[in-house]
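*Asks:* Residue numbers (the numbering used here), protein chains in the order written: chain W, 1 to 288; chain H, 1 to 254; chain D, 1 to 368.
Everything labelled a hint here was simulated from the structure, so no lab data went into it. A virtual CB, placed ideally from N, CA and C, is assigned to each residue, including glycine. Fair warning: there could be bad hints in the mix.
With a straight-line Cα cutoff of 35 Å, these simulated DSBU-like cross-link-like pairs (lysine-lysine) come out [what the hints assert, rightly or not]:
id : chain 1 : residue 1 : chain 2 : residue 2
1  : D       : 300       : H       : 171
2  : D       : 27        : H       : 127
3  : H       : 229       : H       : 8
The following residues of chain D were derived to be distant from chain W, with all beta-carbon distances above 10 Å [unchecked claim]:
id : residue
4  : 32
5  : 74
6  : 80
7  : 82
8  : 130
9  : 280
10 : 287
11 : 293
12 : 295
13 : 297
Okay, here's what each chain looks like letter by letter:
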Amino acid sequence: MNEFLQLLIVGVSQGCIYGLMALGFVMIYKATEMVNFAQGDMMMLGSFVAWTLIMDFGIPFWLGVPCTLIIMALFGALVDILIVRRVIGQPQFAIVILTLGLGIIFRAAAGMIWGQVPLTIDSPISGFSSFYGIVIGNERLAIIAVTTLLIVILWVYFRYSKWGIAMKAASQNQLAAYYSGIPVRVIISAVWAVAAAISALAGILLAPITLIEPMNGLLGIKAFAAAVIGGFGSMPGAILGGLIVGIIEPFAAAYIPGVKGSMIYIVMLIVLALRPQGLFAQIHKKKL
Amino acid sequence: MNLLEIEKLSISFGGVKAVDDVSFAVEEGSVYAIIGPNGAGKSTIFNLLSRFYEPLSGQLNFAGNDLLNLKAKDIARLGIARTFQNLELFEHTSVLQNLLVGRHVHNNQSWWRQLLFTGSVLEAELKHRRKVEEVIDFLELAHYRNHMISGLPYGVRKKVELARALCIEPKLLLLDEPASGLNPEETEDMGFWIEDIRRDLNMTVVMIEHDMSLVKEVSNRVLAIVDGKVVAEGSHTSVQKHPDVISAYLGDVQ
Amino acid sequence: MLKFIKRNFDMRILFKTNYKQDINLAKHSGQSFWYALLILIMFSAPLILDGYYIGEATRVLIYAMAGLGLMVITGFTGQASLGHAAFLAIGAYTNAWFLAQGFSSFVALPMAALLSMIGGLLVAIPAARMSGIYLAIATLAFAIIVEDLAGHLNSITGGNRGMMVDVPTLFGYQIWETWELYLFVLCILVVATLAVLNILRSPLGRAMIAVRDSEVSSQALGVNLIKTKVFAFTLSAAITGLAGAFLAHYMLFLTPQIFGILLSIQLLLMIVLGGLGTVHGVFFGAVLIGVLETGISIAKDSLPSSIGGLPGIEPLVFGLILISVIAFEPTGIYGRWVKIRSYMEFFPIYRRKSFKRQRSYLKTERLR
Numbered sequence: 001m002n003e004f005l006q007l008l009i010v011g012v013s014q015g016c017i018y019g020l021m022a023l024g025f026v027m028i029y030k031a032t033e034m035v036n037f038a039q040g041d042m043m044m045l046g047s048f049v050a051w052t053l054i055m056d057f058g059i060p061f062w063l064g065v066p067c068t069l070i071i072m073a074l075f076g077a078l079v080d081i082l083i084v085r086r087v088i089g090q091p092q093f094a095i096v097i098l099t100l101g102l103g104i105i106f107r108a109a110a111g112m113i114w115g116q117v118p119l120t121i122d123s124p125i126s127g128f129s130s131f132y133g134i135v136i137g138n139e140r141l142a143i144i145a146v147t148t149l150l151i152v153i154l155w156v157y158f159r160y161s162k163w164g165i166a167m168k169a170a171s172q173n174q175l176a177a178y179y180s181g182i183p184v185r186v187i188i189s190a191v192w193a194v195a196a197a198i199s200a201l202a203g204i205l206l207a208p209i210t211l212i213e214p215m216n217g218l219l220g221i222k223a224f225a226a227a228v229i230g231g232f233g234s235m236p237g238a239i240l241g242g243l244i245v246g247i248i249e250p251f252a253a254a255y256i257p258g259v260k261g262s263m264i265y266i267v268m269l270i271v272l273a274l275r276p277q278g279l280f281a282q283i284h285k286k287k288l
Numbered sequence: 001m002n003l004l005e006i007e008k009l010s011i012s013f014g015g016v017k018a019v020d021d022v023s024f025a026v027e028e029g030s031v032y033a034i035i036g037p038n039g040a041g042k043s044t045i046f047n048l049l050s051r052f053y054e055p056l057s058g059q060l061n062f063a064g065n066d067l068l069n070l071k072a073k074d075i076a077r078l079g080i081a082r083t084f085q086n087l088e089l090f091e092h093t094s095v096l097q098n099l100l101v102g103r104h105v106h107n108n109q110s111w112w113r114q115l116l117f118t119g120s121v122l123e124a125e126l127k128h129r130r131k132v133e134e135v136i137d138f139l140e141l142a143h144y145r146n147h148m149i150s151g152l153p154y155g156v157r158k159k160v161e162l163a164r165a166l167c168i169e170p171k172l173l174l175l176d177e178p179a180s181g182l183n184p185e186e187t188e189d190m191g192f193w194i195e196d197i198r199r200d201l202n203m204t205v206v207m208i209e210h211d212m213s214l215v216k217e218v219s220n221r222v223l224a225i226v227d228g229k230v231v232a233e234g235s236h237t238s239v240q241k242h243p244d245v246i247s248a249y250l251g252d253v254q
Numbered sequence: 001m002l003k004f005i006k007r008n009f010d011m012r013i014l015f016k017t018n019y020k021q022d023i024n025l026a027k028h029s030g031q032s033f034w035y036a037l038l039i040l041i042m043f044s045a046p047l048i049l050d051g052y053y054i055g056e057a058t059r060v061l062i063y064a065m066a067g068l069g070l071m072v073i074t075g076f077t078g079q080a081s082l083g084h085a086a087f088l089a090i091g092a093y094t095n096a097w098f099l100a101q102g103f104s105s106f107v108a109l110p111m112a113a114l115l116s117m118i119g120g121l122l123v124a125i126p127a128a129r130m131s132g133i134y135l136a137i138a139t140l141a142f143a144i145i146v147e148d149l150a151g152h153l154n155s156i157t158g159g160n161r162g163m164m165v166d167v168p169t170l171f172g173y174q175i176w177e178t179w180e181l182y183l184f185v186l187c188i189l190v191v192a193t194l195a196v197l198n199i200l201r202s203p204l205g206r207a208m209i210a211v212r213d214s215e216v217s218s219q220a221l222g223v224n225l226i227k228t229k230v231f232a233f234t235l236s237a238a239i240t241g242l243a244g245a246f247l248a249h250y251m252l253f254l255t256p257q258i259f260g261i262l263l264s265i266q267l268l269l270m271i272v273l274g275g276l277g278t279v280h281g282v283f284f285g286a287v288l289i290g291v292l293e294t295g296i297s298i299a300k301d302s303l304p305s306s307i308g309g310l311p312g313i314e315p316l317v318f319g320l321i322l323i324s325v326i327a328f329e330p331t332g333i334y335g336r337w338v339k340i341r342s343y344m345e346f347f348p349i350y351r352r353k354s355f356k357r358q359r360s361y362l363k364t365e366r367l368r
């Protein structure tokens with residue numbers, strides 16, 4: 001029982017990370033119908049930027065984190081303004097390739113700038129807590145806490161704030177949003193900014209657990225699996241998908257070693273075979 | 001002889017009855033028009049016939065075949081062709097290729113023969129090409145034969161959509177707003193073609209249309225649908241005078 | 001000089017007298033001449049070039065074969081595949097294994113194609129029901145699973161420690177020479193290309209393009225979506241599987257790491273760069289990527305070690321090219337070549353706007 005609970009909490013904390021990345025991914029998809037295959041690499045860049053600020057420049061942790069988020073948000077917006085805007089109107093396939101290319105560039109550039117040696121950040125949240133007979137690293141609890149807080153903030157934001165509602169409007173009907181006076185291009189850049197910041201946050205949360213290295217960007221693929229399982233049009237689905245993926249991993253590693261790496265993809269393929277739109281999909285068939 | 005028989009057809013989308021208990025029959029060799037305000041459910045009827053949607057209830061009978069037993073891909077082989085209101089052409093290929101896809105139901109060459117491109121495949125290709133050229137002649141598309149769809153003007157695209165449906169050599173042709181977006185001259189041409197289709201090609205036509213002059217010109221019978229329900233059915237004049245049709249759709253000034 | 005240009009690039013008015021001219025692969029005698037010449041040159045290359053270049057050429061041919069397979073499913077049928085390296089892996093390992101058991105290439109190669117086809121079927125049947133992004137991610141997942149399996153099935157694949165590959169054997173004759181492998185690959189590539197060209201001018205090929213451009217009206221025209229997609233996937237997997245088998249002979253030593261995501265993306269880059277949806281694009285892309293790879297290694301050697309020694313230059317360059325192509329010339333090299341050719345044919349009345357892309361709003365695939 002203890003072992004079960006242990007694995008569960010580890011899984012949930014990992015799932016929060018995947019969920020956050022999947023969230024950024026789904027946000028961009030809902031707003032622009034573009035798939036951002038560079039989401040995981042943005043997370044990786046976020047953790048590197050945080051390292052530079054906190055470990056290299058010596059900025060205190062509680063200042064470095066918000067600075068990182070702001071920097072990454074600006075970065076996300078820049079990616080949209082400079083690169084993604086050029087391909088509006090092209091078929092979805094072109095966007096996939098574009099973001100794949102971006103991901104490759106981010107990974108390669110990170111390797112050049114920060115090197116391939118794994119780095120780590122000294123976080124004030126360290127140590128262990130124990131309860132009910134299990135021992136959990138505090139970073140993992142922090143992940144769960146921060147993610148929950150973020151979800152609440154985002155929910156309030158999309159429900160009540162002007163920009164949040166504008167984002168929802170732009171994601172449902174771009175043309176109508178234009179006519180309502182919403183600056184759609186700015187909103188889309190803002191969506192990219194928020195998504196990048198969320199991914200950066202995931203990267204920072206992840207840093208104490210996994211060392212920071214360029215290959216971390218490939219964790220993004222697991223986040224895609226999460227987004228697919230949850231269903232592409234739904235933000236709660238993204239979080240839930242992330243949790244599912246996160247929980248499956250440690251249990252698969254513990255009980256079915258050997259297929260650990262592929263397990264979540266096998267699950268994803270099964271979900272797709274049974275329900276091709278994902279579990280919580282909000283995407284329906286084209287109007288004829 | 002009724003070629004198409006629809007009985008008590010119904011379908012709902014999210015609680016709204018898009019098609020409500022619709023029944024009508026189309027006589028072979030006639031032109032049957034369906035009119036009504038936008039959103040009345042007319043295209044939905046076509047989509048039900050094409051088997052893209054599953055009806056809540058009702059019967060669909062075509063030449064003695066129960067359409068509900070079939071899937072969307074089997075409809076064309078039965079002899080039913082359709083055009084789409086929003087034009088579903090194959091954008092990144094030529095007009096000729098679009099029309100040749102229309103011949104798909106007449107293909108019986110196995111896949112390995114096609115990989116080797118044997119003599120029988122070549123013969124079949126020449127035969128299909130000849131048939132397609134007949135349609136190109138009929139609709140005067142010769143000039144655009146090798147053009148990519150993506151550069152073509154709207155009027156030409158509409159013709160290609162119609163031509164592609166004709167290449168199936170169907171018994172029943174479903175036209176979804178064939179004159180929408182066309183200028184008066186093009187609309188008149190469309191009228192002549194529909195007449196020719198009926199008379200020379202021996203096809204039965206069901207068309208959804210908003211252009212009343214075209215409806216008056218070519219149709220034998222008219223069906224008026226408002227809010228998914230049948231409101232009037234009969235000859236053009238009788239439907240045109242029907243009070244419900246006037247109030248819901250046509251307006252008072254004649 | 002000007003006369004030569006004029007004669008060859010002048011707006012050629014082709015007078016067609018029968019439909020066969022449209023159906024034939026070479027549209028007029030000039031085309032047949034140039035293609036025949038090209039094939040002749042390709043086959044006699046070993047007489048002219050020396051071993052190193054023949055080896056490079058073999059690599060390009062293998063890339064072209066792999067790209068041809070990917071083009072069939074992605075360029076012509078519109079089903080994005082982000083995991084085609086999986087079929088390269090299946091083909092490579094199958095070929096190597098059968099050879100190791102003592103079979104000749106006569107058995108090993110068809111088995112490589114066959115197992116790849118089965119893999120293609122496995123992917124195709126669920127994938128046929130998915131669209132766009134789900135399909136892309138599913139193919140990616142498939143590739144990850146295959147790479148994982150290659151690492152785990154130690155007894156068959158040698159796992160992470162790798163596997164040696166024997167030379168191809170045909171009817172007892174062992175193919176040791178570089179030029180022999182080159183000719184072998186060239187023959188198979190020519191056959192595969194002809195098969196694809198044949199399909200493209202037949203009903204199945206048109207059905208594939210129809211599925212790419214509009215699934216809705218394809219169905220209304222009687223096209224069986226699932227059968228078409230499954231056929232395309234299977235053909236694509238078979239061709240790429242064969243390419244994988246030859247890749248095994250080229251590399252002589254297989255490890256699972258070869259067949260990672262970067263290889264799949266490289267294949268994708270090849271066909272996009274070359275020109276999506278065209279057979280020409282496959283070859284343009286393969287040549288360019290081949291040249292690029294060689295160019296990067298040469299550049300790495302000649303640059304100061306501080307820059308040249310940096311890891312990740314290759315992926316960086318690939319990524320930059322990928323983005324540039326999509327942003328500036330989505331029709332790829334072949335598309336650019338068509339524009340240049342039109343420019344010269346219509347000179348001086350060429351209009352740039354005839355190829356202008358339409359700026360448009362987001363065309364949504366969703367129904368609220």
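*Asks:* All hints are to be evaluated individually against the structure, with a verdict given for each.
*Replies:* Results for each hint:
A distance of roughly 68 Å separates the Cα atoms of residue 300(D) and residue 171(H); the hinted pair therefore is violated under the 35 Å criterion. For the proposed pair residue 27(D) and residue 127(H), the alpha carbon gap of about 19 Å is at most 35 Å, so the pair holds. Restraint check for residue 229(H) and residue 8(H): the C-alpha separation of about 10 Å stays at or below 35 Å, so the hint holds. Residue placement check: residue 32(D) keeps its beta carbon more than 10 Å from all beta carbons of chain W (closest about 34 Å).
With 10 Å as the threshold on Cβ separation, the claim that residue 74(D) sits away from chain W is violated: the shortest Cβ distance comes to roughly 8 Å. The beta carbon of residue 80(D) sits about 5 Å from the closest Cβ of chain W, which is not more than 10 Å, so the claim that it is off the interface is violated. For residue 82(D), the condition that its CB be more than 10 Å from all CB atoms of chain W is violated, with the nearest at approximately 8 Å. Not every CB of chain W is more than 10 Å from the CB of residue 130(D) (nearest about 5 Å), against its label as outside the interface.
Residue-level check passed: residue 280(D) sits 19 Å from the nearest beta carbon of chain W, beyond 10 Å. With a least beta-carbon separation of about 20 Å from chain W, residue 287(D) lies farther than 10 Å from that chain, consistent with its non-interface assignment. Residue 293(D), annotated as away from the interface, keeps every beta carbon of chain W farther than 10 Å; the closest lies near 15 Å. Once the 10 Å rule is applied to beta carbons, residue 295(D) is consistent with being away from chain W; the minimum gap is 17 Å.
Every C-beta of chain W lies more than 10 Å from that of residue 297(D), the closest at about 16 Å, which supports listing it as non-interface.
The structure fails to meet hints 1, 5, 6, 7, 8 from the earlier list, while all remaining hints are met.
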